[in-house]
Amino acid sequence: MKSLTTSARNQQPRTETESEDASAGSLIAGSRKGPFEGVTHVRPMPVSPSYFSREPHFTDSIVRLATLLHRYQNLPVVAPDQERKPQLWKTLLEYRVYSGEPIKALQYSRALSIVKRLHQIDPKLMPAEVKDALVDFEKDIDPFSNVPKPIPVDRFGRAVGVGRRKTSTARAWVVEGTGEVQINGKPLNEAFGRIHDRESAVWALRSTDRVDKYNIWALVEGGGTTGQAEALTLAIAKGLLAHEPALKPILRQAGCITRDPRAVERKKHGHVKARKMPAWVKR
Amino acid sequence: MASVHCSRGLTVPRSSLRLAPRITPIIAWTAPFSTTPAVSKVAGAPKKAFQVIGRHIRRGKVAQNSKKKPQIVRAKKPQPGQRKAFRKRIQLSNNNAAVVDGLPVLEAETMANKENLCRMVGLPDKLVDQLRALEAFKPTQFWGLFRKPHMLVRTETVSLMERLNEAATQKQTLRTVLTGGKNSGKSLMLLQAMSHGLLNEWVVINIPEAQDLVNANTEYSPIPNSSPLQFFQPAYCLALLQKIAKANGEVLKQYKLSKDYSELQLIHLPEDGTLYDLAAAAKEAEFAWPVVQALWHELTAVPGRPPVLVTIDGLSHLMKQSAYRDPSFHIVHAHDLTLVRLLVDALAGNTAFANGGAVLAGTSRSNAPRSPSMDLALAQVAAEKAGEVAPSPDPYRRDYDARVYEAVRNVDVLEVNGISKLEARAVMEYWAASGVLRSQVNETTVTEKWSLSGHGILGEMERAALENSRL
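One line per chain: the protein sequences are L and H, in this order.
Positions 1 to 283 (full-length UniProt numbering) are the ones given, in order, by the first sequence.
Positions 1 to 471 (full-length UniProt numbering) are the ones given, in order, by the second sequence.
No lab work stands behind these hints: they were computed from the structure.
Among the hints, erroneous ones may be present.
To be verified - Dumping the calculated DSS-like pairs for lysine-lysine here, alpha-carbon to alpha-carbon at most 30 angstroms:
1. Lys131(L) / Lys186(L)
2. Lys186(L) / Lys385(H)
3. Lys138(H) / Lys186(L)
4. Lys182(H) / Lys282(L)
5. Lys182(H) / Lys186(L)
6. Lys213(L) / Lys182(H)
7. Lys276(L) / Lys248(L)
Note that the coordinates shown come from a computational prediction; the quantities given were computed from them, not determined experimentally.
Whole structure, please, built from the sequences with the hints as guidance.
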């Protein structure tokens, strides 16, 4: 009942002592109020005229947006080629959850078209009430603000990249050099017994033909040999990107950018392992 | 009892191979005594797979599915020793590989010449035969991929050969232990030293696997009246003499014996014989050790003889307790084996080489028992050489061995590690010319293989580049 106000509520609550005093005074002065004095409506009145509709909030918003559009349709808009901070709007489902109302898809898309038109008004001239009206339709999180921090190349020319795979974590310091590699203080052949692992550790450099251009000094911990080697792939690729950002598409194609999310699947109760079921036993 | 010929000799099967007598099982059809009641067997009754002993007790294999008969594949099994011979075979040429022209052939002073740095040199056929006789080639090395054996002259090679020359001219003894990472080419450095020695008319004595001397696979017998009791290894000594005679025959034939060895009672030793006659005179294992002693005396104590090169691979096997037992079943220390003692004395500098010479011992990183005293001594020598603080023994260790420490304390250490990129390039060009490396040889590929192999560890480079072509 938050949205409702009652005229009855405006009356002053009376205490017992007051009423006694008043009754005493009224007897003397004869100035007693009637029981419905100052009351215009018998029942509480809804704040919004759309209170009894199916989606009152949404209807109010549409009315408000339409009014604003009508009011400000002559304000200049940003040119389509002009760069502007991108804005994402709530999807239908998100808005339904937000408002708690069973909004229909067509209605929502119509509302969004008004929202987008209003959002095109030049930000310098954007009235405060328009901004206020659009807030309801904006997405809660701004994915565009989640920008990775650029990896700096420090004054010694080092760039440190971090990579993970399975349970291994690797940090690789990439410096311009002549192709020397040290992992946990050991050369590649001592760090990894398998040639395959050695190759995957420096795969970022190999796939971009940069083996003889950089030196690597890396620390790896956790997991097994494969995990460590593939964590190093990512770490070295990130360090390399700090030096040469233009290599990103090549590295992505070589599989050195995307973190492999696969990890050991957990065991479930009732199972022998993650998926294995105990053998069927008759009774 | 092991045979005279060790397993590497099996590469060429010989009819005269002495095999260890095999214990044939005696099949007794009726046990003389048994605690279980004999099950009466009715003749002609169908044979059951199991016996029914009690109501619920069955003995023998109960077939789960008696209808299914196991498929028996009757392939011909290899003869005893055939698998090992195949595993240990040494293939030194490959007709599928391309011929590499234009590389110099190894001569007496090739490897001591700085001009040949970073070059591959071929081994002449005669030298290959000598090295084969000395068992200088190892089955783990990649010789079988190429038409003819070639090797790289690297910086360490030149410095080592220069020092060998110096030792020969000044009649001194070079005593060096080769250390370095796994697969870094220590055994090959020994091979290069042997090649240099053979080409310069040294007498080369090689112990290809030191573990053969101490792992109790070769027979041993006590030397009477020695205290503490010492042992000699007749079969090994005989094989060693044969190898020495075969590899160094031409040199040994040039020198007459300095004294009469009639007290050895060698019927095959002619009067006024040469060193070769002495080495070849021991036809029986019992005479081998005295002959080794005599030959060693002739080579080291008598002036006017060729310099001697002794090479040992897998040194740490000689620096520990052996697997032999004495009559009271105590473990025999490796230094109480006379042949090992002879080698260790030479390495420690207790033997004077009258004609100059060298003792080179290679350590191993793969088949190496722990020898903390040797490791400590070598680390101290290396630290002194580098001008660093020498490490001190760990006070909490008890397994230090004073005899071992004394033996290794005064040697020189030569660290063999990765090759430079220039050397790597020479090797890779040779591989490419032989047709085993299919990629282009340029700075990128050279650096790639160089860093994959842990900064130019030669064996790892071979693994990284040629593993796919290996059988």
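Against the structure, the hints:
The suggested pairing of Lys131(L) with Lys186(L) is violated, with an alpha-carbon distance near 59 angstroms, which exceeds 30 angstroms. At most 30 angstroms may separate the alpha-carbon atoms for a hinted pair to count; Lys186(L) and Lys385(H) meet this at roughly 23 angstroms. The straight-line distance between the Cα atoms of Lys138(H) and Lys186(L) is roughly 27 angstroms, inside the 30 angstroms bound, and the hint therefore holds. In summary, the hint linking Lys182(H) to Lys282(L) is not supported, as the alpha carbons are separated by about 58 angstroms, beyond the 30 angstroms threshold.
Only pairs whose Cα atoms come within 30 angstroms are accepted, and Lys182(H) paired with Lys186(L) is accepted, the gap being roughly 13 angstroms. Restraint check for Lys213(L) and Lys182(H): satisfied, since their Cα atoms lie roughly 27 angstroms apart, inside the 30 angstroms limit. Proximity of Lys276(L) to Lys248(L) is assessed by CA-CA distance (about 41 angstroms); at most 30 angstroms being required, the pair is judged violated.
Hint compliance for this structure: hints 1, 4 and 7 are broken, all remaining hints hold.
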